[in-house]
Amino acid sequence: SQTIHQWPATLVQPVGSPLSLECTVEGTSNPNLYWYRQAAGRGLQLLFYSVGIGQISSEVPQNLSASRPQDRQFILSSKKLLLSDSGFYLCAWSVLPTGNLWTETQYFGPGTRLLVL
Amino acid sequence: AQSVTQLGSHVSVSEGALVLLRCNYSSSVPPYLFWYVQYPNQGLQLLLKYTSAATLVKGINGFEAEFKKSETSFHLTKPSAHMRDAAEYFCAVNRGGANNLFFGTGTRLTVIP
Chain A
1 SQTIHQWPAT
11 LVQPVGSPLS
21 LECTVEGTSN
31 PNLYWYRQAA
41 GRGLQLLFYS
51 VGIGQISSEV
61 PQNLSASRPQ
71 DRQFILSSKK
81 LLLSDSGFYL
91 CAWSVLPTGN
101 LWTETQYFGP
111 GTRLLVL
Chain B
1 AQSVTQLGSH
11 VSVSEGALVL
21 LRCNYSSSVP
31 PYLFWYVQYP
41 NQGLQLLLKY
51 TSAATLVKGI
61 NGFEAEFKKS
71 ETSFHLTKPS
81 AHMRDAAEYF
91 CAVNRGGANN
101 LFFGTGTRLT
111 VIP
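As you go down the protein sequences, you meet chains A and B in turn.
Take the first sequence: its position 80, counted from the start at 1, is 80 in our numbering, and no numbers get skipped.
Take the second sequence: its position 112, counted from the start at 1, is 112 in our numbering, and no numbers get skipped.
Any given hint could turn out to be false.
[Unchecked claim] Anything over 10 Å on all C-beta distances counts as not near chain A; from chain B, calculated: (1) Ala-17; (2) Lys-68; (3) Leu-101; (4) Gly-106.
[What the hints assert, rightly or not] Here are some chain A residues pointing at chain B (derived, C-beta under 7 Å): (5) Pro-69; (6) Glu-104; (7) Phe-108; (8) Gly-109; (9) Pro-110.
I should point out that these hints are in silico values taken from the structure, not numbers from a laboratory.
Built from N, CA and C at the ideal position, the CB exists for glycine as well.
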């Protein structure tokens, strides 16, 4: 079965410091990978998605970046954190189904809570 | 473009009472719809999904949702609420392509003992 891991689970960082959050998926090949953010009291915001190694699409321009160095590894980074980067970061994966593409389903990791002070 | 709207950001029910969480969709093509649940400090878990096979979809934890094309709705229900159902619930629609899910803003369910 497939599993998705995120780490760290919790992170407290000062403003201006760098960031690296990691997400890995097991038990599947060539997944689509996603990074979302939930700010306090708000819904889900899609930040990046990737359909393959080295292929990153950004949904929202900001001081964050993403990379996919391996098939099942997705990294979210920042060179200098802002207060507004605080939130709950969720990684998700999906696999393109054969047949009806509209039934593609995303599965989420446990999340990383980031607090920028 | 496909989208969903969740009516009511907060819903409170008594333990044992009916749970009804509302979701309306907008879609120019037959929609594929999802409900996810998020327990405190956890990721999202898939509750159920509608993929056009049957209009009444049964999910995990006793939840079900009915697709009503005439009302453009996909409301989530559970006959009897439990304390463990307290969570945030998200409705989503598949809009095709690699960036495929559009999420509603979520409904926080509180269960009163």
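Of the hints given before, which are not true for this structure?
3, 4, 5
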